[in-house]
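Which chain is which? The protein sequence lines are A and B, in order.
Taking my numbering, the leading residue of the first sequence gets 1, the next gets one more, and so forth.
Taking my numbering, the leading residue of the second sequence gets 1001, the next gets one more, and so forth.
Some clues are possibly wrong.
Some chain A residues judged to face chain B by a derived CB distance under 8 Å, without partners named [what the hints assert, rightly or not]: (1) V4; (2) G32; (3) F34; (4) K42; (5) G43; (6) P44; (7) F46; (8) T49; (9) A89; (10) Q91; (11) N97; (12) K98; (13) F101; (14) G102; (15) T103.
One-sided excerpt, in silico: chain B residues whose CB lies under 7 Å from chain A [stated by the list, open to error]: (16) G1042; (17) L1043; (18) Y1048; (19) L1090; (20) G1106; (21) G1108.
The hints are simulated quantities; they were obtained by calculation from the structure and are not laboratory data.
Cβ coordinates follow ideal geometry from the N, Cα and C atoms, glycine included.
So you can see what is in the structure, the chains are spelled out below.
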Amino acid sequence: EDQVTQSPEALRLQEGESSSLNCSYTVSGLRGLFWYRQDPGKGPEFLFTLYSAGEEKEKERLKATLTKKESFLHITAPKPEDSATYLCAVQEQGATNKLIFGTGTLLAVQP
Amino acid sequence: DGGITQSPKYLFRKEGQNVTLSCEQNLNHDAMYWYRQDPGQGLRLIYYSQIVNDFQKGDIAEGYSVSREKKESFPLTVTSAQKNPTAFYLCASSISRVTTGELFFGEGSRLTVL
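Start from the sequences and build out the full structure, keeping to the hints where you can.
Now the structure itself:
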């Protein structure tokens, strides 16, 4: 069964304390992996697309990386405004119009 | 500003009632989607539409219905046949008819069944 698993479920960091979030997946063939940010009571906001192992994308304090089995979202020197739930989604080869979402990691950055 | 507008933001329904959630986009996107979000679960696809007057069931379409009479509008009706309708409903769009994974989401509608 195709699955997307995110860990940890929740993470509390001090401002400036770097860390990583994990998204592991099991699909027969990966078409793309996507990261989203979701603030409480809001819709998700698209962050990154990764297509192949070894690919990296960066945006401000965030960097996403991809291997054949998992993706990491690295957060460098986080600020309180980085607090949110980060969602990972996977699209399988041939499965157009279908994304498999993980349950997310709730990140809290304390000042 | 371009974007997706969902309404209402909060909705309360009595058991046995149908309710319709509105979703309007001014991004000129071809494809539109409805997802459901429940605590502890990933987003699940209810319905999607790639072009006007056409739509397909997602993974959890039972108890829901949609229409796509205009490119910019994709309303979702939660019918009385939906056994557990209390959830956060998200409408999304993508520029292409084929999902690239880059979805633009609205701010959501929270439905509570009393």
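Outcome of the hint check:
1. V4: 7 Å, holds
2. G32: Cβ of G32(A) sits 5 Å from chain B, so the hint holds.
3. F34: 4 Å, holds
4. K42: 5 Å, holds
5. G43: 3 Å, holds
6. P44: At about 5 Å, which falls below the 8 Å cut-off, the nearest Cβ of chain B leaves the hint on P44(A) intact, so it holds.
7. F46: 5 Å, holds
8. T49: At about 6 Å, which falls below the 8 Å cut-off, the nearest Cβ of chain B leaves the hint on T49(A) intact, so it holds.
9. A89: 6 Å, holds
10. Q91: 5 Å, holds
11. N97: 4 Å, holds
12. K98: Holds, about 6 Å.
13. F101: 3 Å, holds
14. G102: At 5 Å from the nearest chain B Cβ, G102(A) passes the 8 Å test, so the hint holds.
15. T103: Given a least distance of 5 Å, the restraint on T103(A) holds.
16. G1042: 3 Å, holds
17. L1043: With Cβ-Cβ at 4 Å, under 7 Å, it holds.
18. Y1048: 6 Å, holds
19. L1090: Given a least distance of 5 Å, the restraint on L1090(B) holds.
20. G1106: With a closest approach of 5 Å, the G1106(B) hint holds.
21. G1108: 5 Å, holds
Of the numbered hints listed earlier, not one is contradicted by the structure.
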